[in-house]
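Enquirer: Each chain, written out:
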Amino acid sequence: MIATRTSRPPLWRDVRVLKWAFQLAVLVAAVALVYVLVINVNRNSERLNIPTDFGYLDNPSQFPIPDSDFRQTQPVRDAVGQGLINTVRVSVAGMVLATILGTLVGVARLSTNWLVRSAATAFVETIRNIPLLLIVIFSYGSLAITTFPRIDEAWEPGGVAILSNRGVYVPALEEAPPFLGVVAVALLAAWAVSRWRREVADRTGTPSHGGLLATATAAAVLIAGWFAVGAAFDVPVLEGRIASGGLRISPELFAIGFALVIYTASHIAEIVRGSIQAVASGQGEAAWALALSPIHRLRDVILPQAFRIAIPPLGNQYLNLTKNSTLGAVVSYYELAQVTSISVGNGAPAVPAYLLTLGIFLVLSLVISALVNVANRRAAVVTR
Amino acid sequence: MTPARIWLRRNLFRTRFDSAVTVAVGLLVAYTLFRLVRFVLVTGRWEVVRVNLKLLLVGRYPNVHLPRVAVALVVAAAVGGVVAGMVRRHQAAAGTAEHRSQGLGRRAAGLLGRFWPVLVGIGLLLGLSGTAGPWLTAVGFIGAAVAGRIAGEHLPARLDPLLILVALATPFGLVAYVADGAGWEDWGGVLLNVFLALASMVLCFPLGVLAALGRRSTLPIVRGLSTIYIELLRGMPLFVLLLMANVALGFFVPPDLSPGKVVRAIVVFTLFTGAYLAEIVRGGLQSLPPGQEEAAKALGMSPVSTTFLIVLPQALRNVIPAQVGQLISLFKDTTLAGAAMGLFDLLDVGQVITRQGDFAGQRLTPEAYAFVALLFWLGSYTMSRESQRIERKLGVGER
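Taken in sequence, the protein lines are chains V and U. Each residue of the first sequence is one higher than the one before, counting from 1 in the working numbering. Each residue of the second sequence is one higher than the one before, counting from 1001 in the working numbering.
Isolated chain U, as found in the complex (with noise of 0.2 Å):
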């Protein structure tokens, strides 16, 4: 038998009962590919889409200042570019880093398979806009990550602590710097998903931090407080809490103190998060052998520095895949701040465009929802692929 039919006869045609299931799932799938082909390339209206494509991507965000967002974006890739091929660097010089004796098209090849649907992403947008703008800011984009990369691999070693300030003020810089364009309370599209996200996800981290470090604690009313903080989160429906700030928060600060809606968001997704995270921390606290902790003790270390210098690092390496699980839901969760709380998020303004001028009563949620979709597809994704390749790189589980 040829190599193809013997392929066919143990992934296919194994029994006879397995050859019923692989027409009857066969048929399934290919009506399904059908009618989503179908719906792409024939039925699909697409030009709800195209219209609003910007509002889509950030909102109401003014357009003179749209050039704001784009250069945000590319110091975004350049910095995320540097950081990685700083890491690239450290792990050569430890000899941790992977081969690299494969030759320019593997590299390509395998690059290709971890970021196409980035590349994906970019293209669909670029094929819908119909300006310049875009098109400029993704070559920026590109070029910006790919130089960053290089560069960061080539710099000398003395220049890391002033790289990593740099990368840890770049946020705070961007948002700023976004935001001196049109305050936050105005953003909207994927720009404010995102922005959502980041921020609430930065603020808990301290935040789950110190909660899991508590409710590990030998003392009795630092641990009681951190478990009644987690336990009280962890029993609460995100949704109830976005509507309950979005009518009561103003109850519980003095009148001329109370925040905007994209505040009030975040303070909820903060505190939420954190107590999931907590858990999180705390399992990667539990997954470190207790004599890691004696030795440093051993040493002479105080327990501050044992805490930071030896614990954390270790059990926070140990959770990275599950801290990025928490991210995703917290960039899924997002869209809750649209439908409790009327901010106008990407699937809110989804909703928005189809009722709304030529499109009103056209039937063209279909379409809309489909965009969304992708879009959140395409980063939650991502994330989730880059994180499984972090586990691997870092073996958890393996030692």
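Isolated chain V, as found in the complex (with noise of 0.2 Å):
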């Protein structure tokens, strides 16, 4: 008989003792690596008197921040929370005009017309393969303080909007809270008719025309409620050298925005591009055994898949262009990282004041990640 050894190798052979021995030694080299860089924080800041708490967000700011009612003798608690005003501005107005834009390049670049596809590859080619900075200080420096004309001279394309080197103003709503609820009427009754048509185009297969009922239901709506709520466009009138009415955009604005979203927008047709191609051939080319129109087969066949590949790589995108609004900083656009590093110019603590920066970051980042995902699992296609 043979004799079968069944007591466990010692310690030091063990695959189990190593695994938690090489485990617990990086664990202690990562708290070790964070206690020194804590430990000289507290030592550094102890040598130079400076505090290493957040009792500073108390501290009045003594700076204004132009365009806001945010004043100098406010904490700078209240800059922050201004800071983050502008940064989610800026970001939604930019994912929104980048997404429109990106679409618009990415199905050019796919254009049966070959100048429309070679002027779409020559946006996306040039814009992205820029730094982004550049874009930005361009945008400002060369386009919007020294392009646009002195508001004396200002252009007024169609007499409703004004554009200078002081701003640029466009028609504002009047009465806007009211009429955005209308607005909000109006999209959920253009939903519920395309709802019910579909539903008789599935039960009966008649036609359902539901995104043309939508439309006019909405325009219905809307129309109704627009002199229902009695609102009006507040369109910006020129005087002299004043501009009063409509709302502005200051040129620091103007600078950020335009060039986050031309870049952001080359990026995004790039991703519209590649999702449309990776979209099987066969189902296109099964729309047209079918005899589907090209608008039906784009729409209904290949966009919504499409669409479903295109979410990852639209929601990174949309995390990069929150975090690249920061370089507003550098035209002064007062965002969160031009409103940190100012603060901490007139005195704040810097190490707190930038962690501070970062974290809040740190949660919008977040925030968008599961924004994303929720959208991702609701696209995804239902499998076993």
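Hints in this document: simulated from the structure, not taken from any laboratory. One should not assume that every hint holds.
Stated by the list, open to error - To list a few chain U residues with every Cβ distance to chain V over 10 Å, as calculated: (1) A1004; (2) R1005; (3) L1057; (4) L1111; (5) A1132; (6) G1133; (7) A1151; (8) E1153; (9) P1237; (10) P1254; (11) V1263; (12) Q1286; (13) P1290; (14) L1299; (15) A1360.
Unchecked claim - Residues from chain U that face chain V, not an exhaustive set, calculated with beta carbons under 10 Å: (16) V1025; (17) L1028; (18) V1029; (19) P1220; (20) T1227; (21) E1231; (22) R1234; (23) A1339; (24) L1347; (25) G1379.
As the list claims (entries may be wrong) - Pairwise CB distance ranges (calculated): (26) V:D152 x U:G1357: 29 to 39 Å; (27) V:I100 x U:A1024: 16 to 26 Å; (28) U:E1047 x V:I295: 51 to 61 Å; (29) V:D300 x U:V1352: 52 to 62 Å; (30) V:I295 x U:A1024: 16 to 26 Å.
We treat Cβ as the ideally placed atom computed from N, Cα and C, and that holds for glycine.
Both chains are sitting in their own frames, so use the hints and assemble them into the complex.
Expert: What follows is the structure, encoded as structure tokens:
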């Protein structure tokens, strides 16, 4: 009979022990690194007599923020809040505009028209390969404040907007909150109609005309609401050198917004193009074979599937756009990075101030990722 | 119909709507091109670039030591050529090389198609410079690249280990050689951007690979720490990290160890790009069929040699295009170091030259920015084209 050894190997050759010993060593090293960093911060701050807590948030900020109600007597806490608002404002507007422009350019890159295709390719390949910071600085220094005319010779395209080197003025909605309610009702009605038509089409097989009817419904609700609420556009007026009314976009906001939109759009265009090409070619051919019209082929067969593929990379672009909005600091747009660096210049302790800013961006990133994940889960193909 | 008319019909005037679009876009394109050509040839005042060319290329690097930069460029071209030739020889031996039945003219045309942005860049710089130095450097650069390529193909195979060692040591040797003339804290212009990008890429590579392996590890603590590092750095804006490194990095180290600005920038770029690279490498690891690892295990290979000889070589090869994309991003992002830390990088030089001396107040920013943009564009575009070529060659996604 052969003797079988049932005893465990010695400790230094036992895989389970080795694994845990290795992990323990890694953990100790990581904790030691963090510990050394914290000790150093404390020691250096004490030596230079700089606080390491967040008490500076209650001190007066000593700087005003242009285009806001923020005054220099208010505490740093409120300045950070206003900076966050400005960051979110430019990021959200940038996401919407960049998605629209990017989708147009992405579809144009696949056009059968040679000129459209080439122009879209040239746009993408030019913008994508230039540093964003250069586009930001150019939009500010060479476009927003030198190419745009002085206020007394401002361009007034169609008499509804004013372009000048003191800012861009666009029409704004008067009585905005009630009218936004009307817009929401219109969207809901359109959604309900398109759903009802789709259901009828699924049941009876007749054409749904969902898009047409939904648009008509929305238009009807909007027009009715327009008169009911009595909304009107507040068109900016230029009198001599003073513009009044409308919504003012400062040159700084214009520069960072414009740069973010065209830069991100050039990346989104590539995502859109790649996603459309990634839809299995049999899908489009099957749509031809079923004699669907080109519009139906694109809208009902190809784009829904391309959209599914595009969601994760689009989410990455939205994250990048939000983080890139910090470049607004370079042109003195008062978003979070600018507010932080001005506060630090005015005596706020650097380590807590920057850690706070990084923390806020971390939370913003998590929120965007969570939203993208929700969208992704809803669009995913249901499998077993 | 003649072929030309058929082409026009198919590509520009398919339908009535298509024709209208063609006319509208055509007018827009024509106007843009007209403005562009007029700016480059007529209205552009390029004196500001010509006078400050040296500042744009190497910053305040001392003139007496400029030959060091030239020598470094020529050596780098020679070594790069030898490596390319070596790769070609291996492909020929393995039977994976492209056919070379095409004539010399075809090959020249192919090379021109691949490297025309580089040639345009060299031509432009030579046209702008008024001295002999750049001409000598350019001739040496192209000559060394071609000679290295030919030599690399015909060197005996037993020299390969030595060649690889030399190729790996060259960047360090060249940096030391150029830094011997003036320390890198005094570098500027293109030289600084390229140095920041290459140094950070070299340093972040091991970091990214380790973090990717850690995130896929079965050990919970290692996985957790890697995940925390990757997700933390990916959620933070690079610009704020650089701002923080500029004023607050000194707090995290003992006072007498406080690093210079260039080192601070490299630390931030390395940590930041390492996190992104880790996710790219993780994608490559996930793309491998599990059979590869199982087969290595069945052959009795240890986990370490499985990882380094079987898994990583294939995983890294599968994601070469994404890695090049990250390198391009890094190259463009080096401009942030100028704005956040006051380093004298290419974009910063471009801004400074329009404000100094005779050029102040003349609104020369479009000229300066156009030149800076062109240099970045030439570099990024060449890299992205080469990565697409590698992608096609490897046939990633086609198997």
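Enquirer: All hints are to be evaluated individually against the structure, with a verdict given for each.
Expert: Okay, the hints, checked on the actual structure:
1. Look at A1004 of chain U: its CB is around 13 Å from the nearest CB on chain V, clear of 10 Å, so calling it non-interface holds up.
2. At roughly 14 Å from the closest C-beta of chain V, the C-beta of R1005 of chain U stays outside 10 Å, upholding its exclusion from the interface.
3. The non-interface label for L1057 of chain U is consistent with chain V: the shortest C-beta to C-beta separation is roughly 17 Å, beyond 10 Å.
4. At the 10 Å boundary, the C-beta of L1111 of chain U stays outside the reach of chain V, the nearest C-beta of that chain being 21 Å off.
5. Here A1132 of chain U stays apart from chain V, with its beta-carbon at least about 31 Å from theirs, past the 10 Å limit.
6. The Cβ of G1133 of chain U lies farther than 10 Å from every Cβ of chain V, with a closest approach of about 28 Å, so its non-interface assignment holds.
7. No Cβ of chain V comes within 10 Å of the Cβ of A1151 of chain U; the nearest lies about 32 Å off, and the non-interface call holds.
8. Distance check on E1153 of chain U: its Cβ is at least 31 Å (rounded) from any Cβ of chain V, clearing the 10 Å threshold; non-interface status holds.
9. The Cβ of P1237 of chain U sits about 4 Å from the closest Cβ of chain V, inside the 10 Å cut-off, so the non-interface label is violated.
10. A cut-off of 10 Å between C-beta atoms contradicts the statement that P1254 of chain U is not in contact with chain V; the least separation is 6 Å.
11. Look at V1263 of chain U: its CB is around 17 Å from the nearest CB on chain V, clear of 10 Å, so calling it non-interface holds up.
12. For Q1286 of chain U, the shortest C-beta to C-beta distance to chain V comes to about 14 Å, beyond the 10 Å cut-off, and the non-interface label holds.
13. The claim that P1290 of chain U lies off the interface holds: its Cβ sits roughly 20 Å from the closest Cβ of chain V, which is beyond the 10 Å cut-off.
14. For L1299 of chain U, the shortest C-beta to C-beta distance to chain V comes to about 19 Å, beyond the 10 Å cut-off, and the non-interface label holds.
15. Even its closest Cβ contact with chain V, about 14 Å, leaves A1360 of chain U beyond 10 Å, as expected for a residue assigned away from the interface.
16. With its C-beta approaching chain V no nearer than about 5 Å, V1025 of chain U sits inside the 10 Å limit, and its interface hint holds.
17. Using the Cβ-Cβ criterion of 10 Å, the hint placing L1028 of chain U at the interface with chain V is satisfied: the shortest such distance is roughly 8 Å.
18. Among the interface hints, the one on V1029 of chain U holds; its C-beta lies about 6 Å from the nearest C-beta in chain V, closer than the 10 Å criterion.
19. Checking P1220 of chain U against chain V: minimum C-beta separation of about 7 Å stays under 10 Å; hint holds.
20. Here the hint on T1227 of chain U is broken, as its CB sits about 13 Å from the closest CB of chain V, past 10 Å.
21. Residue-level restraint check for E1231 of chain U holds (minimum Cβ-Cβ distance to chain V is 9 Å; threshold 10 Å).
22. Taking 10 Å as the C-beta cut-off, the interface hint given for R1234 of chain U holds, the closest approach to chain V being about 7 Å.
23. With a least beta-carbon distance of about 5 Å to chain V, the hint placing A1339 of chain U at the interface is held under the 10 Å criterion.
24. Because the smallest distance between the Cβ of L1347 of chain U and any Cβ of chain V comes to about 6 Å, under 10 Å, the interface hint for this residue holds.
25. This hint holds: G1379 of chain U has a C-beta 8 Å from the nearest C-beta of chain V, less than the 10 Å allowed.
26. Take D152 of chain V and G1357 of chain U: their Cβ atoms lie about 32 Å apart, and the range 29 to 39 Å holds.
27. Range check, I100 of chain V to A1024 of chain U: about 19 Å between beta-carbon atoms, so the 16 to 26 Å window is met.
28. A hinted range of 51 to 61 Å holds for the C-beta pair E1047 of chain U and I295 of chain V, which are about 54 Å apart.
29. The beta-carbon spacing between D300 of chain V and V1352 of chain U, approximately 56 Å, falls within the hinted interval of 52 to 62 Å.
30. Separated by about 21 Å at the C-beta atoms, I295 of chain V and A1024 of chain U satisfy the suggested range of 16 to 26 Å.
Against the hints set out earlier in the document, violations occur for numbers 9, 10 and 20.
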